[in-house]
Amino acid sequence: MAYLLGLVPGPLVTVVGGLALITFGRALLLPLLPSARAVLSLAVIAGAVGIGALRWGTLDLAELRGVQAVLGPTVTVGPPAAAIACGIALGAAVVVLAVWFLEPAPGDRTDHVWGGFEVALVALALATIFIDPARSVLHGAGLAIALLEIVRWAGVTAVTAAVALGIARLLRDTGDFVRWVVLGVAGAAVAVAAALIAGTL
Amino acid sequence: MVLLALGHGVLALIAFVMRDAEEVRARGVQVISLVGVTLGAILFFLRHSGLKWRTLDPDPGPTVAAGVACACTWLLVLSLDKGRGRWEPACLAGVGSCGLVLFALNAWAVPALLFWWTSSAALAAAARNSVGRSQFWLALAASDLLLTAGIALHALGEEIWALPGGLSGMSFWFVAAAALVRAGFLPRIGLWGASDFPLWPLLPGGAFAIAGGLTGREEPWLGLAVLLGALAIAVWFLVRPRSDLSFPASWPVALMLAVLFVVPGVPWQASAAGLIASTSVLLWPIATGRAQIERGLLISFLPPSAGFSAIVVAAVATFDQATATTDVLSAAPWTAVTALLPAALGAGVILAIRVSRRIEAEGYEPTAVLVTWGLFFVSIVAGLWPRFVSETDGGATSRVFVLHLVALGAGIAAARFVSRPAPEKVGEEVEPLVVAYAPLPALWDRTAQLAAASVGVGGAALALWVTYRGLQVGFL
Chain A
1 MAYLLGLVPG PLVTVVGGLA LITFGRALLL PLLPSARAVL SLAVIAGAVG IGALRWGTLD
61 LAELRGVQAV LGPTVTVGPP AAAIACGIAL GAAVVVLAVW FLEPAPGDRT DHVWGGFEVA
121 LVALALATIF IDPARSVLHG AGLAIALLEI VRWAGVTAVT AAVALGIARL LRDTGDFVRW
181 VVLGVAGAAV AVAAALIAGT L
Chain B
202 MVLLALGHGV LALIAFVMRD AEEVRARGVQ VISLVGVTLG AILFFLRHSG LKWRTLDPDP
262 GPTVAAGVAC ACTWLLVLSL DKGRGRWEPA CLAGVGSCGL VLFALNAWAV PALLFWWTSS
322 AALAAAARNS VGRSQFWLAL AASDLLLTAG IALHALGEEI WALPGGLSGM SFWFVAAAAL
382 VRAGFLPRIG LWGASDFPLW PLLPGGAFAI AGGLTGREEP WLGLAVLLGA LAIAVWFLVR
442 PRSDLSFPAS WPVALMLAVL FVVPGVPWQA SAAGLIASTS VLLWPIATGR AQIERGLLIS
502 FLPPSAGFSA IVVAAVATFD QATATTDVLS AAPWTAVTAL LPAALGAGVI LAIRVSRRIE
562 AEGYEPTAVL VTWGLFFVSI VAGLWPRFVS ETDGGATSRV FVLHLVALGA GIAAARFVSR
622 PAPEKVGEEV EPLVVAYAPL PALWDRTAQL AAASVGVGGA ALALWVTYRG LQVGFL
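Same order as they appear, the protein sequences are chains A and B.
For the first sequence, the residue numbers in this note's numbering are 1 to 201.
For the second sequence, the residue numbers in this note's numbering are 202 to 677.
It is worth saying that the hints were derived from the structure and are not from the lab.
All residues carry an ideal CB built from backbone N, CA and C; glycine is no exception.
Each hint should be verified, as a subset may be incorrect.
Only some residues are given here: those of chain B computed to face chain A with a beta carbon under 7 Å [unchecked claim]:
hint: 1; residue: F509
hint: 2; residue: V517
hint: 3; residue: L604
hint: 4; residue: L606
Taking beta-carbon pairs under 8 Å as the criterion, some of the chain A residues facing chain B (in silico) [stated by the list, open to error]:
hint: 5; residue: A2
hint: 6; residue: L5
hint: 7; residue: P9
hint: 8; residue: V13
hint: 9; residue: V16
hint: 10; residue: S35
hint: 11; residue: A36
hint: 12; residue: A43
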């Protein structure tokens, strides 16, 4: 979270590493196949954020934030093929985040709180890379502007997390097969997005 | 420097002298092992010292590989001895470690080759009682011949007797092949025919010393091939019903070698993490049922372990290379490696889960468990110092270090205060761990021994020829 909030500098890969560590902790509670599903979900999310990084040609989180502060959120900046690719990647990542949240499915209230926090963390990563709403990077901004930017940032993150949790609610009562299909489709979508973004470079 | 270079040899002599002193031998082996670990650790910390002695001129990459490999070797001597006071493994570990250190620190081709062969002789002797010794000897001799051929091509062809920072042309490919064979890149065969003796870390240690020094140039296609091989090893381990030791032990070495082939200047964490993880797996047979999660985390390269730093550095470097060129063919291997490194992280997670969640009977040596915990601790501490932040921003390093410390503290607190009872492990039967290898059929065994002898004699003759030519032109 400190990397995503800009409290410390670092590349995007550190965030993926942190998510991998969370996935390891979650998967310790699971048999091998659901563990594999959790890890593959992580791989799709990593691929999606990689597309966001490829769009701007950098893995550095500060640069990713900075370029969006100047040009606008990644999913809205042309050329159209690049914007579409990033949109597809973001959509796939949000759907897969729902699958990831369900491995293991939360039981009691504590599970929901922890799981929700972890989903919010991934949503923060997605928001930071694809739909960062900040129009300044806060340095030198006045208190009111800074507060507004932070609220917008938190709002975008909350909406992203809410969408993922909503999809998870829909997937909760489905069987393993549906989750595998969702994962496969999302993975294919990320591959298509990667091909699209490669064509714009 | 002279103490660090020859200290292991002195320990070998002490072990040899102690061979008849039965009443103090067990304690003596323990003391010798601990001194050996200390010598390896000191060598690691002096990697940037610039201290020179005669033909020794340490370069950080090979120095780290040699220091960590020696420390791991002595830890295995300590653990596998089980208080029996066996002087022979300690003696051979001293000779092998001394040879590896003198090779890794050497600036000149001829003495480096001679010390390399000394280390190999100790390894060959240590494996003589193993079931799969024939294929072990053959692979060992092949790696020696390949290395000697690579260095000989460079030295004789260029009439340059100093070891270069990065070889080129055929020399590079010979030496890279030597590193791969020496690392036990392919599980189950070759060097994995004998993995039941404590000198094993010297093998990947030699490979890392080569990859961190002699090869020293970016080879994205080779790195991609090795990375794909590492992923194949992980997948093979996951789909097999029985846990074969050679797969999780070769996985970290293969992954970190891939990192070194694509980013030669990658931090020391690569070779250190590969060796530490591999050693923890080698300790597994005598630490079953204990330190499972620690062992799993060591081979996963998750943050904040040492290997994670290396992976991050490699990912950033390959990403920059991939986006720096518009030529599709040039960018292809870099792009592929960049894409596969997160996949490797994912594979590490599943491997870690498989290892951590195994249902296995408890049968452990306390020393081996303590050493595994120690290796885990060292790996975490080594990972706290980030190597992926801007070198020009000194404050950034401190902030990331503090962040890692806070995260580690939070993790420990969570484990202590908000942990729940461990869930029932999945599965019903104790999973067998394969550590013994079926011997080759007699004819194959004899053929392998003959081939090993031929290749070994050929390689040794080549090394002696290089020495003769070197002395003839008066390189000393």
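Hint check results:
1. F509: holds (5 Å)
2. V517: holds (5 Å)
3. L604: holds (5 Å)
4. L606: violated (12 Å)
5. A2: holds (5 Å)
6. L5: violated (11 Å)
7. P9: holds (5 Å)
8. V13: holds (5 Å)
9. V16: Given a least distance of 6 Å, the restraint on V16/A holds.
10. S35: holds (5 Å)
11. A36: Given a least distance of 6 Å, the restraint on A36/A holds.
12. A43: With Cβ-Cβ at 5 Å, under 8 Å, it holds.
Hint check: violations occur at hints 4, 6; the rest are consistent with the structure.
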